[in-house]
Each structure stands twice: as structure tokens, then as C-alpha cells.
Amino acid sequence: MPTGNLSVTTFVIASIIKIAIVLWVLLTAVAYTVWLERKVVGHIQNRWGPTRVGPFGLLQPLADGLKFIFKEDLTPPYVHKFLYILAPMLALSMSLIAICLIPFGNSVNIAGMNIPLQITDTNIALLIILGITSIAVYGVALAGWSSNSKYSLLGGLRASAQMISYEVALGLSLVGVLILCGTFSLHGIVEAQTGTWFGFIPKWNIFKGQFIAFFIYIMAAYAETNRIPFDLPEAETELVAGYHTEYSSMKFAMFFMAEYSNMVTVACLASILFLGGWTGPVFGPPILHALLPIFWFALRVLFFIFVYIWVRGTLPRFRYDQLMSFAWKFLLPLAIANVMITALVVALRS
Amino acid sequence: MLHLALFLIFGVIAVVGAINLIAQTHPINSALSLVVVMGSLAAEYLLLGAEFLGAIQVIVYAGAIMVLFVFTIMLLNAGAEEQTRGSKVAIIIGIPGMVIGSVAVAWALIRAHTGAEVPVGSLYGSAQGIGHLLFRDFLLPFEITSVLILIAIMGAVVLARRES
Amino acid sequence: MIPSTDYIRLLPELILIVFGLLVMLIEPLLGEHNNRKGLGAIALMGAVLSILASFYQTGYEGAAFFDMIHVDTFSIFFHVLIGLIAAVVILASFEYLNLQQIRYGEYYGLILLSSVGMMLMSSAVELVLIFIALEISSIGTYILAGFRRNAPISIESSMKYFLLGSFATAFFLYGVALMFGATGSTSVYTIATTLAQGATPLAYVGIALMFVGLGFKVASAPFHIWTPDVYEGAPAPVVAFMSTGPKAAAFAVLLRVLFATEAPGWFWLIWASAVLSMTLGNIGALVQNNVKRLLAYSSIAQAGYILVAFAAAKDIGISAVIFYAAAYAAMNVGAFAVASHLANVGEKYVTLDDYAGLGRRAPGLAAVLTIFMLSLIGIPVTGGFLAKFYVFQAAMQSHLTGLVIIGVINSAVAAYYYLRVIVYMYMREPQRDVPVLKMPFALGVSLAACLAATIYLGVLPGRILDYAMASARVLVR
Amino acid sequence: MVPISYYLVLSAILFACGVLGFLIKRNVITIFMSIELMLNAVNLSFVAFASYWQALSGQVFVFFVMVVAAAEAAVGLAIIIAVFRTRQTLNPDRVNLLKL
Numbered sequence: 001m002p003t004g005n006l007s008v009t010t011f012v013i014a015s016i017i018k019i020a021i022v023l024w025v026l027l028t029a030v031a032y033t034v035w036l037e038r039k040v041v042g043h044i045q046n047r048w049g050p051t052r053v054g055p056f057g058l059l060q061p062l063a064d065g066l067k068f069i070f071k072e073d074l075t076p077p078y079v080h081k082f083l084y085i086l087a088p089m090l091a092l093s094m095s096l097i098a099i100c101l102i103p104f105g106n107s108v109n110i111a112g113m114n115i116p117l118q119i120t121d122t123n124i125a126l127l128i129i130l131g132i133t134s135i136a137v138y139g140v141a142l143a144g145w146s147s148n149s150k151y152s153l154l155g156g157l158r159a160s161a162q163m164i165s166y167e168v169a170l171g172l173s174l175v176g177v178l179i180l181c182g183t184f185s186l187h188g189i190v191e192a193q194t195g196t197w198f199g200f201i202p203k204w205n206i207f208k209g210q211f212i213a214f215f216i217y218i219m220a221a222y223a224e225t226n227r228i229p230f231d232l233p234e235a236e237t238e239l240v241a242g243y244h245t246e247y248s249s250m251k252f253a254m255f256f257m258a259e260y261s262n263m264v265t266v267a268c269l270a271s272i273l274f275l276g277g278w279t280g281p282v283f284g285p286p287i288l289h290a291l292l293p294i295f296w297f298a299l300r301v302l303f304f305i306f307v308y309i310w311v312r313g314t315l316p317r318f319r320y321d322q323l324m325s326f327a328w329k330f331l332l333p334l335a336i337a338n339v340m341i342t343a344l345v346v347a348l349r350s
Numbered sequence: 001m002l003h004l005a006l007f008l009i010f011g012v013i014a015v016v017g018a019i020n021l022i023a024q025t026h027p028i029n030s031a032l033s034l035v036v037v038m039g040s041l042a043a044e045y046l047l048l049g050a051e052f053l054g055a056i057q058v059i060v061y062a063g064a065i066m067v068l069f070v071f072t073i074m075l076l077n078a079g080a081e082e083q084t085r086g087s088k089v090a091i092i093i094g095i096p097g098m099v100i101g102s103v104a105v106a107w108a109l110i111r112a113h114t115g116a117e118v119p120v121g122s123l124y125g126s127a128q129g130i131g132h133l134l135f136r137d138f139l140l141p142f143e144i145t146s147v148l149i150l151i152a153i154m155g156a157v158v159l160a161r162r163e164s
Numbered sequence: 001m002i003p004s005t006d007y008i009r010l011l012p013e014l015i016l017i018v019f020g021l022l023v024m025l026i027e028p029l030l031g032e033h034n035n036r037k038g039l040g041a042i043a044l045m046g047a048v049l050s051i052l053a054s055f056y057q058t059g060y061e062g063a064a065f066f067d068m069i070h071v072d073t074f075s076i077f078f079h080v081l082i083g084l085i086a087a088v089v090i091l092a093s094f095e096y097l098n099l100q101q102i103r104y105g106e107y108y109g110l111i112l113l114s115s116v117g118m119m120l121m122s123s124a125v126e127l128v129l130i131f132i133a134l135e136i137s138s139i140g141t142y143i144l145a146g147f148r149r150n151a152p153i154s155i156e157s158s159m160k161y162f163l164l165g166s167f168a169t170a171f172f173l174y175g176v177a178l179m180f181g182a183t184g185s186t187s188v189y190t191i192a193t194t195l196a197q198g199a200t201p202l203a204y205v206g207i208a209l210m211f212v213g214l215g216f217k218v219a220s221a222p223f224h225i226w227t228p229d230v231y232e233g234a235p236a237p238v239v240a241f242m243s244t245g246p247k248a249a250a251f252a253v254l255l256r257v258l259f260a261t262e263a264p265g266w267f268w269l270i271w272a273s274a275v276l277s278m279t280l281g282n283i284g285a286l287v288q289n290n291v292k293r294l295l296a297y298s299s300i301a302q303a304g305y306i307l308v309a310f311a312a313a314k315d316i317g318i319s320a321v322i323f324y325a326a327a328y329a330a331m332n333v334g335a336f337a338v339a340s341h342l343a344n345v346g347e348k349y350v351t352l353d354d355y356a357g358l359g360r361r362a363p364g365l366a367a368v369l370t371i372f373m374l375s376l377i378g379i380p381v382t383g384g385f386l387a388k389f390y391v392f393q394a395a396m397q398s399h400l401t402g403l404v405i406i407g408v409i410n411s412a413v414a415a416y417y418y419l420r421v422i423v424y425m426y427m428r429e430p431q432r433d434v435p436v437l438k439m440p441f442a443l444g445v446s447l448a449a450c451l452a453a454t455i456y457l458g459v460l461p462g463r464i465l466d467y468a469m470a471s472a473r474v475l476v477r
Numbered sequence: 001m002v003p004i005s006y007y008l009v010l011s012a013i014l015f016a017c018g019v020l021g022f023l024i025k026r027n028v029i030t031i032f033m034s035i036e037l038m039l040n041a042v043n044l045s046f047v048a049f050a051s052y053w054q055a056l057s058g059q060v061f062v063f064f065v066m067v068v069a070a071a072e073a074a075v076g077l078a079i080i081i082a083v084f085r086t087r088q089t090l091n092p093d094r095v096n097l098l099k100l
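Protein chains in written order, with my numbering: chain A, 1 to 350; chain B, 1 to 164; chain C, 1 to 477; chain D, 1 to 100.
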């Protein structure tokens, strides 16, 4: 049962509170990921990044947000109006739904009630996330098509082809983890990674032989979120801005937010699947017992986001045919080999 | 009660989506209606306890097959369909045939004593359960689907490849 | 663990898969303009080996893979038949592919892999596997139909075949679903035991819907509309393949589904479909000028004759079906092989007028085609005669006088259009200059094989008939 | 509690919609989508009957139907693209080298 040991009312109230907190944290994280990106990339390129608004430019996200809201909301003529409006909404809402399946920590005890730090847990959480990411393709594809512009259409075509192709590798890279953990529940996957070898090597999946899977996942995830070096759909030099060329103001902001919140989701998923989620040393008073797991989790997510930005500051963009052959001729065989080897090892051991 | 309400909500969405699929003239609208139908069918699967299938339905049908359709529509940039008079044979034989067939199926369903109420999720279609069946009893069909997929890939490549 | 005998029971299919993969892997290694005959030779070897493997199965009858397939004399017969059809068609395709500038070696791979589906159809005893096998054979033939890609007519026939075929598959699937609903199982034998306790309306409707799907695959009326168009557009050797192989396999499935499950209420369905197929097929063929279309209508009518045997009593009826399937395969593959040779580059010469005067220009070819036509009419000393004879005999013994009368009248009507082809060949002056190419060796071999089979079945039917009888007994048990 | 027959009726309605779409639509892609709708309707029947008989094999069947649908989609769309290349139209009435 979904309610666990709680009454229905408390469950609903707790869920609403959790949803509010998660949304707030997520949107703040998205805003400050943008800030961080500009800062880090700035430093990599030997400049300062945003400095004017607030100390260290910390209020820059706020200013950006206000700018998006107050800009003229232009709907070009000749677009397919319904789909043109639907597309960004679809993109954003799908990326927000995905986050509600992510567990941020183990359950906490508040006033005698055991509340899991997760909006919802199901037996097939991972599958649902995969389903949501595959629906998210529509946002991009429809944006490209409904704009009725060549650049958008090409960007949309490229993006949907890219996302479908990399989804195969992404899905296969998870199979190894699933074989080791034997569950689709994200909570269960983290549980399966608790403990250490020799007291100091954590039993994370990445150390259980899923090293290659981890890298396949990371590469596929970059492509899924359309980030450099796989940001072909919005390659400015050839396609203006790709599928969102014709979008402005809030609708553009929605795509923007969707992209960054997808980054956060992907980073969360990577931490859960490969790096043991919230596991880590827990000590001190009860309040620390509750907060430390969240801290460890956040640390890992932050690490991934930093790597994202680092890669962006470092690597050039692929060519489109290279991108496709990389997915099909390199990542896919590698992922299949990983699945086969993992399955073989597990089968021989049992 | 909740079960019935959910069934009705998603059932109505599915039927409306199916009708919209027929009523729309632009293929992309039809495709999106079909995605809606598939999504609500996934919800119906969840109501029946087939949670693994529900997820797979979204991933495979809505997320892969229909994306392929949308992709093709975008690629061909096909406009709204023209209203030509189709083959009369299809209408003259097809529609009455369909009506008779529907009546027959409805009659059979009503007579089939399937009015039994089954509790929500009484048959829990977990990934484990399906996996056990798939890799034991249905091992051969499972392996043979690889031939099916191979033949489909080969065919698609041969047919869609441009002449050099 | 799966016992090793299970793999022997799957051996013909496994061999075809391996060779299909081999063709696929070698094809990209060949240069753009290289000849694909080598691939054809590999494919031929695969087909022949799988026929031998089917014979080898004789000592290993029984169920395999958790009761998914059932190897018995019935399935072995169809395995050999399908293997032979594949081998002969591959032989007949060597020249055709060169002539039509088709440089895709996948052609041979597709023939082998779709044969896998057809073979599995004949041995599967589980509706899941039957469905997948049916789809393998169908998808393979959809693609093959569009293989003459530079001709719009070919790709259009592929599209027509694909759309109508998938439509029919959906009906078949719905039938399976209702059958599953009526019995709680998809295994043919479990269904049989459940149905023996009394059938619900669900089972009746399920059978009817499954018949729609299978009726489409065997091109029986009223699900035959696609046949002439698809046969006209598809490459001629492919038509030889898809008018015999999938049809034989679909008849095998129909036999299993109807008789092994003791399904209820199919008699009048089959009866009506048989009458309609014979009549519509023959009437349609009367007015055709295109030889491929003519043969298409003729194959609809032939399906009708086979269905007559379905309606007859079980054992003799089934053996008549099996015998007819073999005879039909021999003469139809032969007829289409001749048509594919005469069609020439771009399939230009396919009308009856192009056949005028063939008796003088290419006496050998004309004689061969004449024999196939006589066999299709049902003239003694040919396989077609005995096949028809057994069908009508079985129907007579089951007191289906009405059906026999309709069938005989139809055969008489049919004689007109088959004879018309012969008349054109021998008694008409050619209207335009139609070049006849030299007979290549491979095609000659395949024609000789068809001819030999047709005559053999007409003169020495004993062994095949005994075998068919034994298969029939296995099926009804 | 919902009787299984409700699910079956829903599935039958969807199937009929698919058949109707196949018969009256004049765009090859939409016709193909109608076929997909029919397959989906059948899947619902399978899941409902699986629930009725308490037999997981019904759900496994749906699994196979999805595989087949995917294979069909790949081939079908390739065929449609090839037809479009030669005829520049998706209207089956204009793809008429073959008379029906």
C-alpha cells in the first residue's frame, strides 16, 4: 500500500508538503545551476561570469527570471498554435514529474511518524522515469514541427532522433544495475548498495563492476539532455537555436527550465544508481542523522552538475553523423556487452 | 468506487482519443490522439494490476513507436489529408461488415459470463512474474522475436535506403 | 535445462537462421556492383541443409521448448515443402535479380528468414508462437514484394499488401484474445481439452475472427481483394514464393487450429469461403489479360478447392489438403518462374499478347508452361489432377454433394482461361516483337524440379499420399 | 470493483474505432495508426482476460504484441517513405497504379 503506516490524511498532507519543498528546491537548484554554469564557464575561459547583480552575481537568476516574465510573449504567425503552446508545457511538466520519483534520503521520524523522503515510491519507479523521458521527446519534436520553420524542424528532427538513439544505450546501461539489485524501485536500489568492503570501500554499484555502465550512462545522459558535446539539436552555428528558435519569453524559459531540471534529474539518478544514493557516514545527534543522508546525496548531485559544466567548458561539439554512429556503433555494443558480462557473472556466482 | 471512477475517466479519455484520431484531418493530430489513447490504456493496465505492462506500454508504444510515426510525419512534412472519395468497395462491404462483427462480438461478450468482478490488481503482473514466464515457458517465442526484429531492420534499411 | 533433442526439433529453423545471418553479414563486404550470386548459393545451401535436417527429424518426433512446438509427420511434411519452395525460388531468382538490377543481397536473407517463420507456423502448437511466426513470414513477404524498388508499382503493391495484411493480423489477434478469454489458455492442446467441455459464444467468435486473419493469408474469398494487385506489382519470383510458402504455412496453421483444437462452428465459414473463393477466383480470372493477375485469380480459386477438403471428414480431408498443398506449390512456383523469365527487364512482357506465338519462338518454355497450365486445370497424369481428385473424393465421401458440384462446375470454367494461355502460345501470331532470353542454368534447374514434382505427384502419388494420411492421423488423434 | 466485461467492452469499442479509421481515412499514415489502435485494443482484452483467468500468460502475450507492433511500425513506415518518394502523396486513392 502506498500510505505505509500513515493515515490517509497525514499521507496526503505530508505529500503536499513534500511536493512543495521538492518543487521549491528543484527550481532553486535549476536557477543556481544556471548561475554556477555561467560562473564556472567564465572562470574556465578566464573571465568573471555574472558579477553585477548581488554579491558574486548571486541574484542574477532572479534578474533573468524577471526578464523572461516581462518580455513580450511573441507567437509568430503560421505556427500550429495548439501544438506550439503545448510543446514547452509538455517538456517542462515531464521533467518536473520525473523528479517526484527520486528519493532524497531514507525515511525520517517526525512526531512519531515515519515519512519517506520521497514524494512517491513504486515498484517500477525506474521504468516510469524512463517512460517519462521518452514522452519528453514529444516536447522537442512538436516544438520543432509546430514552429513551421526550417531551423526548428531540423533541430526537432535531430533532437528526436538523437534522444531515441541514446535512450537505447541509456536503458541498456541500467540493466546491469537492475541485475545486481533485482528491483526497479529506486529506494530498493539504494538499499542494495549499503555497507562497505573492508570497512572503507563502499558497496556502490560502480565498484560492483558497473564501471563501464556508469560511463555509458553519463554519455547517454548528456545526449538525452542535449548538452555539449551532444548539443546538436541547438547547434547555434548551423541551426540558429534549433527547435526553440521561434520561442521567446516564458515559453522559451520553459524549455530552458526543462533542460536544467532534466540535468538535475539525471544527476540524481546517476547518484542513486551508481554511487549509492544517500549512503554515507552518519553520526552525531538525531537531527544530523536525518540531515546527513540528504547532504551526502546533494553532494553527489552537485558533483555531477559540476562535471556537466566542466565538460561544457572543455569539449567541442560532435558532428551529427559522428553523434549517431557513436551511439549505434560504440555505446550500444558496449552496453550490450556489459549486460551480457554482468548477467554471466551473476549467473555463475549463484 | 475509486476503481470504477478511474476506469471510467481513463476509458472515456481513450474513446474520445480514438474518435479524435478518426476525426482529425492532420496526421500529426491523429498521432497525438493515439498517444493519448495509449497513455490512458497504460493507466487501465495499472488498474488491472499489470504495472510492468503499463510502464512498458508508455516506454515502447508511446515513447518509441509513436515517436517513429511523428518523426515520419515530420520528415515527409505531410499536410492535412485530402477528402477524396475512397474505394466504394471498402465502404459498401466494410461498414456493414464492421457493424455485424461488432454485434457478434458484443453478443459473445455479453454471453460470456465475464461479469465477474475482479478485485483491483488481483493478478499482480510484476516484472519478476513476467520474466519467469518469458524466460522459461515462453523462451522460444522470446528468442524467435529476434528473427522478427532482424527481418524488420533488414527490410526497413533495404526499403528506405536511397539508390546510390 | 533444455534437453538437446529440443534443438534437433528446431534444427531446420536454426539452420535457416544461421544461413540468413551469414548472407546478411557477407552482403556488406561485397562491393557495390558485385554480383550477388554467391549469396544466392549460400542461401541455397542453407535451404537444402534445412530440408535434410527436416528429414533427419523423423526419428525425433515430439514436443520441444516447453510445449511450444510439436514435431510430427505433419510438421515435417510442411518443413520439407517450405524448404523446397525456398530452394527453388532462390534458384529461380539468380537471373531475375541480375536482369532487374536488384543489387541487394538481403533478398536471399529475407527469403531464408521468412521461411523460418513459415516452418515454425507448421510446427507451433502455441498461439503466441503461431502469431510471431505468422508475422515473421508476413513481414518478410511485405518487404520482398517491394523489392523492385525502382518500379513504383512494386513498392505500391508492397504498401497495399502491408496495410491489408496488418489489418488482417489485427483480426487474427483479436480472435486469439477471445479464444484466450474463452479457454484461459493459448496452447492448442489446452484449448482442445477446454473446448471439449462445451464452447462458449466467445469461442465461436474467436474462431471466426482468427479465420478472417488466416483467410487473408491464404487469399480465400472474401479476403482475397489484395491478391491480384499485390501479385501484379511484386517481383515475379517473389510472387512464386509468397503464393505458395506462406499459403502452405497458413493452411497448416488453419488445420492445427481447426482440427487439433476441435474448434466449434467453423464448418459453414469454411463452406461459404470455399464456394466464394472458387467462384470469385475463376470469374475474376476469365477477364484478365495480365498473366500475373490471371495466375493471382487462379490461386484464389485454388485456395477455394483446398478449403473444400477442409469441409470434408477429418482424416481424408486433411490428407487431401496436404497433398493439394504440395501439388499446388509445384505447379504454381513453376508457372511463376516461367512468367518471371519471360517478363524480361523491368517486367515489361506480362500480358497474354506477349505470350502469343511463344510455341514457335521458345518451344521448350511453352511446353513447360503448358504442362503447368494443364496441371492447374486438373488434366490426368499431372499432380493437379490427383490433388483435385482427392479433394472432391473426400468431399463426396462426406456427402458434401453441393460443394462438389460447385467445385466441378468451377473447374470446368477454370479450364477456359488456362486453355486460353495455351491457345495464345500456340495459335496466335505475335503482335509485337517480344525477345525471349536464353534459359539460364539455374532457372532451368528450378523449372525442371517443378516439372518433375508435378509429374511425380501425378504418376506416383502413393508415397506422398501415405505420408499425408499419416500426418492427418497425427493431427486428429 | 469493476466487472471484467467493462474492460472488454472498452476494448471492443476501441477496436471498432480502429476498423472504422482503417476504412474511412484517406492518409496512409493515419490508416496505419488505425491498425495500431486495433492492436492496442486487443492488448487491453488480453490484460483483462489475464485478470479474469488469473493467468499471467495473457500479459506475456501483450508483451509479444508490442514487439510485433514495433517491427511492423519500422517496416510499414519504411514502405510509406518509399511510396512517398515515388509518388509524393500519402493519399491511397492517388497511389493507384494498381486498380482495386
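Do not take every clue at face value.
Stated by the list, open to error - Selected chain C positions facing chain D (in silico; Cβ < 7 Å):
| hint | residue |
| --- | --- |
| 1 | Glu135 |
| 2 | Met159 |
| 3 | Ala170 |
Worth flagging that the hints you see were computed from the coordinates, not collected in a lab.
Remember, it's a predicted structure, so these values are computed and weren't measured experimentally.
For each residue, glycine too, the CB sits at the ideal point set by N, CA and C.
- Identify every previously stated hint that the structure contradicts and give their numbers, smallest first. Structure breaks no hint.
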